[in-house]
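Number of protein chains: 2
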Amino acid sequence: VIDLPFRPDRSSAAPVFRQLADMLRALIGAGRLAGGTKLPATRELATSLGLGRASVSQAYDELVREGWLTAHVGQGTFVAGRAPGPATPPRSGAAASRQFVWAGLFALRARLLSAPRGLAPRRDVPPIRFDFRGGRVDRASLPTDDLRRAFARAVARQLGDLAGPGDPRGWPPLRQEIARHLVSRGIACDPSDVLVVNGAQQAIDLAAHVLVDPGDTVVMEQPGYFGASMAFTASQANLVGVGVDAEGLRTDELARVLRARRVKLLYTTPAAQSPTGVVLSERRRRELLALADEHQVAILEDDYDSELRYQGPPVAALKTLDGAGQVIYAGTFSKVLFPGLRVGFVVAARPLREKMLLARWNADVSTAAISQAALATLLGNGALARHVRRVRKVYAERLRAMLDALERGMPSGTRWSEPSSGLTLWVTLPGGIDTEGAFRTAVEAGIAYTRGEVFHFDGRGQDSLDLSFASLPPARIADGIALLGEIVRKYVPRSARRAASRERAATPRAKGRSEPDAAILAER
Amino acid sequence: VIDLPFRPDRSSAAPVFRQLADMLRALIGAGRLAGGTKLPATRELATSLGLGRASVSQAYDELVREGWLTAHVGQGTFVAGRAPGPATPPRSGAAASRQFVWAGLFALRARLLSAPRGLAPRRDVPPIRFDFRGGRVDRASLPTDDLRRAFARAVARQLGDLAGPGDPRGWPPLRQEIARHLVSRGIACDPSDVLVVNGAQQAIDLAAHVLVDPGDTVVMEQPGYFGASMAFTASQANLVGVGVDAEGLRTDELARVLRARRVKLLYTTPAAQSPTGVVLSERRRRELLALADEHQVAILEDDYDSELRYQGPPVAALKTLDGAGQVIYAGTFSKVLFPGLRVGFVVAARPLREKMLLARWNADVSTAAISQAALATLLGNGALARHVRRVRKVYAERLRAMLDALERGMPSGTRWSEPSSGLTLWVTLPGGIDTEGAFRTAVEAGIAYTRGEVFHFDGRGQDSLDLSFASLPPARIADGIALLGEIVRKYVPRSARRAASRERAATPRAKGRSEPDAAILAER
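From first to last, the protein sequence lines are chains Z and S.
Count along the first sequence from 1, add 4, and you get the number used in the numbering used here.
Count along the second sequence from 1, add 4, and you get the number used in the numbering used here.
Excised from the complex, chain Z in its bound form:
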């Protein structure tokens, strides 16, 4: 029996039979399947690889046509005596000149790793004039002088302390500053409760590592942060989505899911739902915690954007209500400073924290020491707090500009979330629109945004887009959204235009902003 290292890559554009043919060709070319070897019958191979029999037949047929295999009626299929083309016999005692076949060696989780559709880097695109993609900050607002001084201090005065092997829990003075900082979020914690990590993504990945066995069910918001769905998918979680409306995660849907199946972990972004920016309401918070308590589900609270709140009182973290130690609290300084800083933190109950610490050591030992020391300085001397106050005003103005521009420029039937914190909002285009065409035209016009399907692990979201208002000044936001509105308008189907105009006659607000309590994303 041949032990074929093949598993189909379902995320690949190539059909399965072609993937199998490529693999067999590579194995024969590399001498790993010798001439004369009998291949398994199509039915047998299909069963052992979990493929349809037709895929195996197609792959064999292609290779027979190309001369790599020979088929003998009544006897079966064999590797051809001599591989076609310039196949090199295995050499010994010297480096191989043939190429090593990596694809056959990938682990199952490597096959599960794929970039969300629409996030892959694009080539040969016109220059970006209006950048509405997430993960950006306003560079002009960065506290360059404070940063320069903080980094210089780390190198010139703290290098002796920083040059040793990094503490995987984090640099002690930074853990102290973070614990102090979290008091402002209502979280009473001790420096020993804090783990410093490389941003929220590492916190999510470590939680997935420590908690998720293949097949475990993890619940997250849909639309929801793609970095989380990638990490849970790579851990072979069974991902279940729960909808989002103007009050945030829908606890009624969550209750249904929890009654139907055993759930291990709930990932949520209550302070500014990613990507809609909606704040989880007080009532929903209590419902969510009660459900998690009743069903003994762990909660991972990603509080990534909580500092950037533009109206209303500060929203307490879920963690503040967590007497049982059931909430893993993760945060980052990427949004208030800049993403490349790569410093975040986790606060978690001790048994979990100890496992996460080991997983963290294993992953990359510790966070960059100089960055940790610089951040501790900025937290300690108040420079970060001053910076947050400053950028709150900057972003509040940009959010207003974005909302006004959407109101003015987008066609009837367009809906959008109205965040009071965070850096992005979520736009759903009128039904029936050719969003693919609109996206292509927007790219041509120099407009960049993230497509809605990136924030869905279940293939939905084609009708939506994620817009960040962080990196452009108000006037540029107005221009960019006006242009985007013109483009989108061209792709609204005629029937929808007629329907929308009827609707507009009936309800004057149908196009515009939704009521704060309306379920703006309920149909998603």
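Treat the hints as calculated values from the structure; they're not laboratory data.
Every residue, glycine too, gets a C-beta built ideally from N, C-alpha and C.
No false leads were mixed into what you were given.
Not everything, but these chain S residues come out facing chain Z in the computed CB check (under 8 Å):
1. Phe110
2. His213
3. Gln330
Over the 12 Å line for every Cβ pair with chain Z, so calculated as not near, a few chain S residues:
4. Gly39
5. Lys42
6. Gly56
7. Val187
8. Gly245
9. Glu257
10. Gly441
11. Arg493
Since chain Z is already given, all that's left is putting chain S on it; use the hints.
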């Protein structure tokens, strides 16, 4: 049937029955096993959990004694009607005040994560006077001015470029500098072949993620780098060790292993075997590559210390002989600069690199941007090369001091490796010595070193120790090793002292340095 989330933690010091009892107690206390619930029969539970029946019986007995369970002859074992102590009934609609039970939720790989014995942080130890632990560098030699200028430049002049979302492949100018730098190691590569990572540990962990499925066999040197064995163990690899002698990894043992079983990945440290510091000989390099070619095994070359070479010509990396793209080449700047920097790199064939890139995005997106820019400056302006030339002299002198001190101070029968590169060497104490007692006494005397078992995943290595000569000046090395020699001498058993003195009479070099070609570690 009760679905018990228990898997024994074999790395724990607690016996399995106690772990099971703890788990049951926690579940009952948390209300997850209600009063009156009938527990499975011991035989049934033992089978379903893969435990011995005695462990289950012992756990049940303990909980019956404590009142958590009741046993009724002929009927079975039940959860007691009312849990002892101040158990809180489940509340709904409010945060729980009882503690959440994390231990039952850990994934299998979290249970496989454990710090190597002897690496756990120690408490209440006397201050360290002589630090011979690995992972340290000479702080006084650090190029503080160059570092300060490079970090200041990154913040003051490059922040605009650095503040965006980090490129998961690395900051382009750094990838360019690394590709240029690798020419000095004989590796012709393009910037697009380079991935920047957070040090060699992340390179190892990413390779484990992308290549190792549970049960896959991974081969590594023994003694060998504990960070690698941790990462492969957490990936549920079947780890197989291959011995090391004065020529490095024993290719004869490797050949036996490869003939006996299918191996997916070989992890090796050819430039300065970790921890012995031995260089893999030219002959062994060719044998290793031929074997890997013959058996189509992927190689992960950890070239962590290659810059720090003290005698002889530079040793080419294995990667230079790798025409097939079979070698994953990983390196780091932690040893030539300082460990807290957390910047390393991987060069790998494209199919593998693309998978590693996705795994890297998933893990923590990208490496700290300011550190990357500062390092690019240090590589580009020659400051790093000057620093390497300077520390080479410093460390060569410390290595000489260490070897002289060992020669003078250690008892007969002690053997040690003679590295020509790296920062550590490997000492094997005379047979029959109480190494545990010697270690305790050394700690009391303020001497810190890493015990040999840390570098073994198979429980061996108790007779050995890893000594770094990096962080102390020559005179302090001489004093520390003299003191260590005195301590060790006290723990040599009388019989061994007599044997050693006979041996010394016969061969005057028995105590001292080994011949360069002798298999100094062959018995390991």
